[in-house]
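**Q** Top to bottom, those sequences are chains A and B. Mapping the first sequence onto my numbering, position 154 (from 1) lands on 154, and the numbers just tick up by one. Mapping the second sequence onto my numbering, position 206 (from 1) lands on 206, and the numbers just tick up by one.
None of these hints come from the bench; they were simulated from the model. Treat the hints loosely; a few may be bogus.
[Stated by the list, open to error] Label pairs and their in silico Cβ distance ranges:
no., chain 1, residue 1, chain 2, residue 2, range
1, A, R167, B, E202, 35 to 43 Å
2, B, E202, A, A54, 38 to 46 Å
3, B, K191, A, E321, 41 to 49 Å
4, A, G153, B, F187, 14 to 22 Å
5, B, N146, A, S201, 25 to 33 Å
6, A, R92, B, G111, 35 to 43 Å
7, A, D7, B, N20, 47 to 55 Å
8, A, F313, B, Q254, 45 to 53 Å
9, B, A70, A, D311, 38 to 46 Å
10, B, G210, A, G184, 23 to 31 Å
11, B, Q254, A, E328, 18 to 26 Å
All values derive from a computational prediction rather than experimental measurement. Positions of the beta carbon are idealized from the N, C-alpha and C atoms, including for glycine.
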Amino acid sequence: MTTFPDDSILVLVEATPSGEPAKSAAGLLGAASGIGTPVALIVAHPGRGPEAAAACGALGAEHVLVAETEAATAWLAVPAADALASAADLVRPDAILISNSADGRDVAGRFAARTRSAVAVDAVGVARDEEGIVAHHSVYGGAYNVHSAPTFGAPVITVREGAVDARAEAVEPAVEMLDVTPSGAAAASIELFEEQSVESSRPELRGAAKVVAGGRGLSSEEQFALVDQLADVLGAAVGASRAAVDAGYVPNSHQVGQTGVSVSPQLYVALGISGAIQHRAGMQTAKTIVAINKDPDAPIFDIADFGVVGDLFQVVPQLIESLSARKE
Amino acid sequence: MKIIVLMKEVPDTYGERTLNLETGLAERGATEAVLDEIGERALEAALSSAEKIDGSEVIVLSMGPATAAATLRRALAMGAAKLVHISDEKLSGADLGLTADVLAAAIRRIGFDLVITGNLSTDGSGGVLPAMLAEILGVPHASTLNSVEISAGRLEGTREANGGVMTVATELPALISITDRFPAARFPNFKGIMAAKKKPVEMLTAAELGVDSDALDNPRSIMISVSEKPPRSAGTKIVDEGDGGKKLAEFLVQNRLA
Ligand SMILES: Cc1cc2nc3c(=O)[nH]c(=O)nc-3n(C[C@H](O)[C@H](O)[C@H](O)COP(=O)(O)OP(=O)(O)OC[C@H]3O[C@@H](n4cnc5c(N)ncnc54)[C@H](O)[C@@H]3O)c2cc1C
Ligand SMILES: Nc1ncnc2c1ncn2[C@@H]1O[C@H](COP(=O)(O)O)[C@@H](O)[C@H]1O
Numbered sequence: 001m002t003t004f005p006d007d008s009i010l011v012l013v014e015a016t017p018s019g020e021p022a023k024s025a026a027g028l029l030g031a032a033s034g035i036g037t038p039v040a041l042i043v044a045h046p047g048r049g050p051e052a053a054a055a056c057g058a059l060g061a062e063h064v065l066v067a068e069t070e071a072a073t074a075w076l077a078v079p080a081a082d083a084l085a086s087a088a089d090l091v092r093p094d095a096i097l098i099s100n101s102a103d104g105r106d107v108a109g110r111f112a113a114r115t116r117s118a119v120a121v122d123a124v125g126v127a128r129d130e131e132g133i134v135a136h137h138s139v140y141g142g143a144y145n146v147h148s149a150p151t152f153g154a155p156v157i158t159v160r161e162g163a164v165d166a167r168a169e170a171v172e173p174a175v176e177m178l179d180v181t182p183s184g185a186a187a188a189s190i191e192l193f194e195e196q197s198v199e200s201s202r203p204e205l206r207g208a209a210k211v212v213a214g215g216r217g218l219s220s221e222e223q224f225a226l227v228d229q230l231a232d233v234l235g236a237a238v239g240a241s242r243a244a245v246d247a248g249y250v251p252n253s254h255q256v257g258q259t260g261v262s263v264s265p266q267l268y269v270a271l272g273i274s275g276a277i278q279h280r281a282g283m284q285t286a287k288t289i290v291a292i293n294k295d296p297d298a299p300i301f302d303i304a305d306f307g308v309v310g311d312l313f314q315v316v317p318q319l320i321e322s323l324s325a326r327k328e
Numbered sequence: 001m002k003i004i005v006l007m008k009e010v011p012d013t014y015g016e017r018t019l020n021l022e023t024g025l026a027e028r029g030a031t032e033a034v035l036d037e038i039g040e041r042a043l044e045a046a047l048s049s050a051e052k053i054d055g056s057e058v059i060v061l062s063m064g065p066a067t068a069a070a071t072l073r074r075a076l077a078m079g080a081a082k083l084v085h086i087s088d089e090k091l092s093g094a095d096l097g098l099t100a101d102v103l104a105a106a107i108r109r110i111g112f113d114l115v116i117t118g119n120l121s122t123d124g125s126g127g128v129l130p131a132m133l134a135e136i137l138g139v140p141h142a143s144t145l146n147s148v149e150i151s152a153g154r155l156e157g158t159r160e161a162n163g164g165v166m167t168v169a170t171e172l173p174a175l176i177s178i179t180d181r182f183p184a185a186r187f188p189n190f191k192g193i194m195a196a197k198k199k200p201v202e203m204l205t206a207a208e209l210g211v212d213s214d215a216l217d218n219p220r221s222i223m224i225s226v227s228e229k230p231p232r233s234a235g236t237k238i239v240d241e242g243d244g245g246k247k248l249a250e251f252l253v254q255n256r257l258a
């Protein structure tokens, strides 16, 4: 049986519906490599394990544990939590890193409650000091930096998607099939899954280097296309305020803010967004903020590096034209 | 059907929220306290489901300081039948593990067919508590639901995860967490406010729930440092005089952002 390094960091790698490691895997393994030896656990469909394991190695996992099961696409959270419990038993890691996604949080919660582990949530980074593993958090919309640590034991840390830039070097991983002891815990069943069509070639919002976001000021779903156009000229991801999501201009997954996605891009462009505090909470750590709003008193201007007071339906087309002209 | 709704008082996000740099705890009193909006939506979901199922009862459970009592009363005015308020000095600064133990003990004591929570609170933003509770209580957990249909004995809901939309289902008893795609809460009316004055409020401590808040045998997560980031300041603001788009393009190009 394999022995695992003393400084092992166990990373739960989420699998996409087609069986590859999810986007979050690279950052999680990158973070793990900075504080110890990355050991990945991937829960894969029967037969899909080896391929998924190789992909984890390419992202820096020195060891990969593969749990092959159909249960993970039939039941919520419990099969993955069971696999994680079996893996943690085997590896005895210094910390367990999980993506702070909806599914990741569920597995983290179940696993932590079951194993009585300390939990640190929504970390934007991890470090190691003489006493052990420390999680770094950015709270209240980035107004405070908080460091947390467990009193003892290996902490379970959920890591904000797109927050860690570090990447581990590709390695040839040692791969092992994992025997999972089912807990028998009751779970909700997944009756139906419909993959959402992947949107064009546009970058994903989480972790994007540039974001163009639109708010209620876009006025309709049709006119929201202007946000998409500017995003494409800049090579940016598309974001939105909650008001724009509530009005049905864009799907839920584009919401930026306290109850949506938190982003820290190089450039954030806010179009027709007033800049309510709950929206700012998800974007004010952006390097450069640009805003267009017809209300000179809109709070978004308090944090904008460059603000244009004007009608976005005049300003944005001219901006697109100027930028496109330069490209030619 | 007995439905427990988990709600908490949080600093109003419309105000500047502050952390005490020494204790790392939220400064209560620095901003106005309100019921967390997501908890209000959870209560709305409970009340509207209860209206459709005969013999239903909605109980609100909250752990928080004694001063939260006044805020929590709003839940009774909205229509909840009873409030259970766990208030204990010893629980100030409780980490997720301790919070989960205390809330789970209270949920067991009340008894339930369904527990409804928010997916993320606006102050903790932890989002792992619902799953922790489900694990401790030994019930299925349907999380981050965007909609739900509840009937006696069963529920079905939709959620977005892993690049898709899924329909999930479970028998009761169960726990669900909901997102802000759920309808906003009703406003308490005058009748509700008057009725609330007569509704029962049960106050509990950790010890009364059989939880030892001082026990050191479980690891806890603690804050080891807190620092404030300098606030952002405003930069250039121009008024569009027909060339705003061009000027913005220049700014982006100069800063190598386009
Ligand atoms: C607990 C809680 C959580 C929340 N979470 C979030 C969250 O995660 N994300 C989020 O975004 N919000 C969130 N909100 C909601 C938030 O408070 C605001 O309601 C929301 O952000 C407003 O969206 P908006 O700026 O698009 O709309 P509005 O505030 O209506 O602003 C629209 C802006 O567009 C401008 N405008 C209109 N027409 C034009 C035009 N032609 N040209 C230029 N400008 C124009 C107007 O001047 C105005 O400033 C939350 C609220 C609560 C209570
Ligand atoms: N102290 C508390 N009292 C009652 N419910 C809580 C408490 N903390 C969290 N919750 C519930 O758990 C949900 C998720 O909270 P959190 O894990 O803090 O993001 C909230 O929306 C509430 O429903």
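**Q** With reference to the structure, classify each hint as holding or not holding.
**A** So, going through the hints one by one against the coordinates:
A hinted range of 35 to 43 Å for the beta carbons of R167(A) and E202(B) is inconsistent with their spacing of about 52 Å. Between E202(B) and A54(A) the C-beta distance comes to about 56 Å, which lies outside the given range of 38 to 46 Å. The given range of 41 to 49 Å is broken by K191(B) and E321(A), whose C-beta atoms sit roughly 59 Å from each other. For the pair G153(A) and F187(B), the supplied restraint of 14 to 22 Å is violated, since their beta-carbon distance comes to about 46 Å.
Checked against the given bound of 25 to 33 Å, the beta carbons of N146(B) and S201(A), roughly 27 Å apart, stay inside it. Hint check: R92(A) to G111(B), Cβ distance near 39 Å, so the stated range 35 to 43 Å holds. Between D7(A) and N20(B) the CB atoms are about 34 Å apart, so this pair departs from the stated range of 47 to 55 Å. At roughly 25 Å, the beta carbons of F313(A) and Q254(B) sit outside the given window of 45 to 53 Å.
A C-beta distance of roughly 45 Å is found between A70(B) and D311(A), which places it inside the suggested range of 38 to 46 Å. Range check, G210(B) to G184(A): about 25 Å between beta-carbon atoms, so the 23 to 31 Å window is met. Checked against the given bound of 18 to 26 Å, the beta carbons of Q254(B) and E328(A), roughly 19 Å apart, stay inside it.
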